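Just so you know, the protein sequences line up as chains C and A, in that order. With the first sequence counted from 1, adding 24 to any position gets you my numbering. With the second sequence counted from 1, adding 501 to any position gets you my numbering.
Please keep in mind that the hints were generated in silico from the structure rather than gathered at the bench. Since the structure is predicted, the reported quantities are computational estimates derived from the model, not experimental observations. Hints should not be assumed to be uniformly reliable.
Stated by the list, open to error - Cross-link-like lysine-lysine pairs, in silico, BS3-like; alpha carbons within 27 Å at most:
1. C:Lys134 / A:Lys600
2. C:Lys134 / A:Lys541
3. A:Lys541 / A:Lys687
4. A:Lys600 / A:Lys687
5. A:Lys600 / C:Lys68
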Amino acid sequence: MIFGLVQILLFQSLGELISQFLLPTLPGHVIGLVLLVLWLVIRKGVNAELAMVADGFSQHLGLLFVPAAVGVVLFLPQLKANALAIISALVGSVVLTIAVSAVVARFLSKKTVNE
Amino acid sequence: MSKQHSIVEIWVYLSGSPLFALFITLSAYQIGLTLYKKSKQNPLANPVAIAILLVACMIQVIEMPYSTYFEGAQFIHFLLGSATVSLAIPIYRGLHSLKGRSIPLVFSLAAGGLISIASAVGIATLLGADSSITGAMYPKSVTAPIAMGIAERIGVSPTLTAIFAVSTGILGAILAPFVLNALGIKAWWQRGFAIGVGAHGIGTSRAFSIHPEAGTYASLAMGLNGVISAVAVPVIYHLFNK
């Protein structure tokens, strides 16, 4: 498990350094993610320790955004004032996004099959 | 030293250390997980939503300022960055499923990502939401840790973005089956991918619980959407907010 964490932190630090000094438009952790994908492609495999840490993180990813989301208490008046707009936007957007992505994927895969 | 005094002292000591914030955050999440399992994984009983609600009520009741809470809970918050990096593993595992389907998937992702931003910002603006709300709508279809990073870059509230992202995930997990059935989408990879684009992490874990193929494509969609959005959303945001 420790070796898995070391690898994650190593790529995260690399990402942060690159973000700080070379590519300030991208958040460091996203650069770290891309570097790690490239590394795995080169290595052609995920070692067991890394897989264990990654699976643990993805299983409980939700817990990690609780502290930030509790900040909702600071925005309650603003959220109440805009409740209708927010709810409509969130519901409308999620339905449209899922519908459009699915329809586009189906439409284009039919085409390639017919060719 | 009176008994009253010592209780106050204990309280002052406890609320001043990070231990208290960590404890209420983890125990609220544990309660959320238990309720989620008890409800047979009903998407309405989302453990994250329950945890947020419980902690928010708790700190309101004991009148703890959010900044004090966050000082302790920042240790959990810090791990978001590491968790984002570890998304590399599901993306890597999903890469082989791109083969032969890269064209429909890339266009599906691009179309879904753009519609997500356009519809959320459009509807919110139309119904008169102020600019801090519409700004936080831009990255909301991206998995929360990346969404918050994007929010910081474009100068909107990461908190509002996190709230919108989590709500999107929950709504997507609930509504996706109805939408996909209504459209007659049958292939698991198409269903999963669409859920990943629209409802990121929470949708993905839902997709995994329905079908493994749907889950693989959902996590691939979530990861790719996150990386591409980290580049594209700031550009789109500055295009419309100058």
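Quick rundown of the hints versus the structure:
At roughly 16 Å between alpha-carbon atoms, Lys134 (chain C) and Lys600 (chain A) fall within 27 Å of each other, so this suggested pair holds. A threshold of 27 Å between alpha carbons decides the hint, and for Lys134 (chain C) with Lys541 (chain A) the separation of about 36 Å lies outside it, so the pair is violated. Pair hint Lys541 (chain A) plus Lys687 (chain A) holds up; C-alpha atoms about 25 Å apart against a cutoff of 27 Å. With a CA separation close to 20 Å, the supplied pair Lys600 (chain A) and Lys687 (chain A) stays within the 27 Å bound.
For the proposed pair Lys600 (chain A) and Lys68 (chain C), the alpha carbon gap of about 16 Å is at most 27 Å, so the pair holds.
Consistency note: the structure conflicts with earlier hint 2 alone.
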